[in-house]
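Chains as they are written, first to last, in this note's numbering: chain A, 1 to 103; chain B, 1001 to 1103; chain C, 2001 to 2217.
Calculated lysine-lysine pairs in the BS3-like style (CA-CA distance at most 27 Å, straight line):
#	chain 1	residue 1	chain 2	residue 2
1	C	Lys2046	B	Lys1092
2	B	Lys1027	B	Lys1076
3	B	Lys1076	C	Lys2046
4	B	Lys1027	B	Lys1092
5	C	Lys2105	B	Lys1027
6	B	Lys1101	C	Lys2046
7	B	Lys1092	B	Lys1076
8	C	Lys2140	B	Lys1027
9	C	Lys2140	C	Lys2105
10	C	Lys2140	B	Lys1076
11	C	Lys2046	B	Lys1027
12	B	Lys1018	C	Lys2140
13	C	Lys2083	C	Lys2105
It is worth saying that the hints were derived from the structure and are not from the lab.
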Amino acid sequence: MSEADALAPRFRPGDPVRVRRADPPGHLRTPWYIRGRSGVIERLCGAYANPEELAFNRPGYPRQPLYRVRFRQPELWPDYSGAASDTVEVEIYQHWLEPGIKP
Amino acid sequence: MRSHHDMGGLPAGTVEIKEHDYAHWEKRVDALMVLLSAPERRMLRVDELRRNIEGLGPDAYETMSYYERWIAAITKTLLERGVLSSDELGRKIEAVRAREKIP
Amino acid sequence: MSAPTDRHEHHDHDHPHRHPPRADSDDRLGYYQLMEIAVRELLTEKGIITQEDVRRAIETMDARTPAHGALIVARAWVDSAYKARLLRDADTAIGEVGVAQGAYKLIVVENTQHLHNLVVCTLCSCYPRFVLGLPPDWYKSRAYRSRAVREPRAVLREFGTIVPDDVEVRVHDSTADMRYLVLPERPGGTSGMSEAALAELVTRDSMIGVARARDPA
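Based on the provided sequences and hints, a complete structural model is requested.
As C-alpha cells, then:
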C-alpha cells in the first residue's frame, strides 16, 4: 500500500472544524454526541482505510486522513457540571469534517 | 437516528466496578477473533464483527454476555464470507449437543 | 454476564497474580458455547486453524498484563528523555522496555498537575490490549461507556478519584485506529526508588485514567 492511496489531508492542528450532521445507515465510527458539533484539530493521526467500507469487506480505499478533534465539554452538554476547561478528544475521519468558524 | 450501540452521553446508572476472570470458552472466542483477523488469514475484519454485533439489536446488550455477542458476530461474519454454511453449522451444533448429551 | 463462584474485588492490579480461568461447566453449555465449539471444530476440520493455534493465541493473550504498561510508565518516570520519546512516538518507545507493538497505534497521554486524562470507547470496547491485557468488565459496561464522556468527574468519584476544578479532565474516546495509555503522575515520596519498585505502584486503573498511581507504603 503506497502513500498515493491516501487522500490529502485538508486540515492542520489548530484548525476549527465542524462534524457533519449526517445520519446514514451502515457501520459508523462518528459518535452521535458530536454530530453537528464544533471543535479544533488536535493532530493528524495518519491515513487509514475507511471502517464504513471495511465493515462490508470492501477495501476502504482511498485511505482517509484520521484526526483527533478536541471539543469543549460545556459546549457539548447543556448542563455540564464539571470544570469549564474540561475537554473530550475524539478520532474522526476526514469525510465527516468540514471547516469550522474561527472562534 | 442514534444506533443503540452509540452510547456516549446517554443517561445510565452508576458504574458497577466489577470484573470476572475470563472463562476458558471466552478466551477461545477471543482467540478465534485474533486468529481469523490475522494477516495470514484475513477471514474477517474487526469492522465486520463490530457491524454484526451492532446488528444483533438493542436487546442483545441485555440478554447476551460480551463473548456471546462476539461468537454470534464471528459466526455471522463467517456465514457472510462463505467460510461456513448454515447447514454444516447446524449439523455440527447438533453433533456437539449429542456428544455432550445436552437435550 | 455470568458471575464467578468466587469473586474478589479488583480495584487495581498492582501485582500480576493470575487467576485460573473459570472451568467450563459442561453441564450448562449454553447455545453460544455450543456455537463456539462448533465453529472451532469446523474451522479445524477445514484446516483454517489448528488447536495449537488456539492454544498459542490464548497463551499470548494471557502473557499480556498491565505489568507491561507499568514498565513503560516507570521508565518514563525516571527518564525524562524517554518520556519525551514516548509522548512523541509511543509505538517505537515501548520497544525500548521490551514491550511489543500492537496492531494499533499507541498514543500515551500524560497526567500533570494541570491535566487528568481518562480513556473510554463509547462505541464498543477498544482498549490497548497489547500493553494492558484484556479489559475489565466495567470498561465495557453501558454505564461507563455512556457516562465517561458526559460526566467524567462523577464517574471518577465512583472510582474514588477526585480531580480539583482547576485541573482539566480530558476524556479520550477511542473511536478509530488509535489506542490510549494514560501516563499517571508519579506519586510523591518516591525519589530514589528503583524502576521495578516504581512499576509496582502503577495500577491498571491508573493507566486507564480512573485512578491515580498508588502511593508508596
